[in-house]
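Novice: Read off the chains here:
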Amino acid sequence: MTTRRAIASFAAERQIGRLLILFTYVSVTLLVVGVLLLLAAGISPIDGGPPLDLSTLFSEVVAFGPAGFLWLGLLAVIVTPISRVVLAAIAFGRAGDWSMVWIAFAILAIIATGVATAAAGTV
Amino acid sequence: MIIGLLMLGGGAAAGVFGSLLGLGGGVLIVPLLTLGFGLPLRDAVGVSLVCVIMTSSAAAGVYLERHVANLRLGMTLELFTALGALVGGSVAFVLDERLISLLFAGMLLYVAVTMARAGSVPPSAASELDVAPVDEEPAPPNMLDRLSGDGYRVRNPGRGVFGATGAGVISALLGVGGGIVKVPLMHLAMGVPLRVATATSNMMIGITAAASAVIYLIHGGIDPYVAGPTAIGVFLGASVGSRVSHRVDLRFLRLLFVIVLGYTALQMLLRVVG
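Protein chains in written order, with our numbering: chain H, 1 to 123; chain X, 1001 to 1274.
These are computed hints drawn from the structure, not numbers from a lab. Using N, Cα and C, we set each Cβ at its ideal position, and we do this for glycine too. Among the clues, some could well be false.
Looking from chain H toward chain X, a few residues come up when the C-beta cut is under 10 angstroms (computed) [as the list claims (entries may be wrong)]:
id : residue
1  : R18
2  : I21
3  : Y25
4  : L74
Covered stretches of chain X (in silico footprint by chain H; criterion: 3 or more residues with CB under 8 angstroms from a CB of chain H, positions within the stretch not fixed) [as the list claims (entries may be wrong)]:
id : stretch
5  : 1035–1043
6  : 1055–1068
7  : 1071–1078
8  : 1082–1090
9  : 1211–1217
10 : 1228–1235
Given only the sequences and the hints, what does the whole structure look like? Please build it.
Specialist: This is the structure in structure tokens:
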């Protein structure tokens, strides 16, 4: 590994680490609000929550509905490691480490394939 | 309200145990939700994946900031764990739930036997002491060289690819992080020091579980009302566990955990038969 790449990798790891911690706390905050609203509403978790509906998510959050905050928190949880790969791709690209950029894109492509095939299967 | 608090408490207990024993919460969350709250197995796996991502992201953030995890190696292996997770996540909705329960019971027994054999060396102590030997041959200028870190050189990429793909399938099918496969794979087969292997595995778990969690999400396999309290519980439990780990007698805890895992495996097997 060249010195330039090593320094870039070192800095990228620190930035990505901080981002992961920040995203985790944002997710936890959203989920805590959702759980408090759920408990306050006296809803039993085993009654089953509503499915994810992106078209009503924002209005649900504005109306302080528990499902809105819970879904937003859960989406944030799932997006966190994916955003880590995107950031790593940018960092490696800046350092000219194109093999790692391709690996990052391949990971994202696999996840996108999973989304596409699952969506096609549920249509 | 009581059930919500019980889920939060159960998730916290799974988080504490998982954190103290270095397993993550996934091994305990699925039995907790299926046997304790009567959830269908696939729904429990979906919730468990969310919890696993959460604990992984928090831990991986710290490991990356401190430069313990190997980002290049982790991302290269993630390519294959994500591929395995894609296959596992798709297959999970086709397989009979009893077969998945049987696989889960088998995994619990494997973990129980592994822990029983592990002896009295705590995982944290082992992480500091048990470092793989450095290859003395000069490193050739290839991809493996670039994936290696300070004081060690990665070897056996073929085994790494094969094992990582398998870990991804297991993670997606059973809702666990797959660290039980990835850590020995990197440490024993690929020559990565245990401390780095543990940290890198923790980082990889997030993307492995995310790759399958999106499939569960689209198939309606994640219930927000169950996932919310359980994930918060696991996060709190894991945070507490990491802070009190040095005060706990891990030999007693390990024995207790082996008994709990054995009993849980038996209950899962009874579900298959029943």
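Novice: Taking a Cβ-to-Cβ distance below 8 angstroms as contact, does the stretch 1228–1235 of chain X have at least three residues touching chain H?
Specialist: holds (count 5)
Novice: Quick check: the stretch 1055–1068 of chain X, covered by chain H? Criterion 3+ residues, Cβ under 8 angstroms.
Specialist: holds (count 11)
Novice: Please check whether L74(H) passes as an interface residue: C-beta within 10 angstroms of a C-beta belonging to chain X.
Specialist: Holds, because the Cβ-Cβ distance from L74(H) to chain X comes to roughly 6 angstroms (cut-off 10 angstroms).
Novice: Is the hint on R18(H) kept, meaning its closest Cβ partner in chain X is under 10 angstroms away?
Specialist: Result: holds, 6 angstroms to nearest chain X Cβ.
Novice: Examine the stretch 1082–1090 of chain X for residues whose CB is less than 8 angstroms from any CB of chain H, and state whether their number is three or more.
Specialist: With 6 residues closer than 8 angstroms to chain H, the stretch 1082–1090 of chain X meets the three-residue bar; holds.
Novice: Using C-beta distances, would you say chain H covers the stretch 1035–1043 of chain X, given that this needs three or more residues below 8 angstroms?
Specialist: holds (count 3)
Novice: Under 10 angstroms, Cβ to Cβ, is where Y25(H) needs to be relative to chain X, so tell me if that hint holds or is violated.
Specialist: holds (8 angstroms)
Novice: With a cut-off of 8 angstroms between beta carbons, are at least three residues of the stretch 1071–1078 of chain X near chain H?
Specialist: holds (count 5)
Novice: Check whether three or more residues of the stretch 1211–1217 of chain X sit with their beta carbon closer than 8 angstroms to a beta carbon of chain H.
Specialist: holds (count 6)
Novice: With a cut-off of 10 angstroms on the beta carbons, see whether I21(H) makes it to chain X.
Specialist: holds (4 angstroms)
Violated hints: none; the structure is consistent with every hint.
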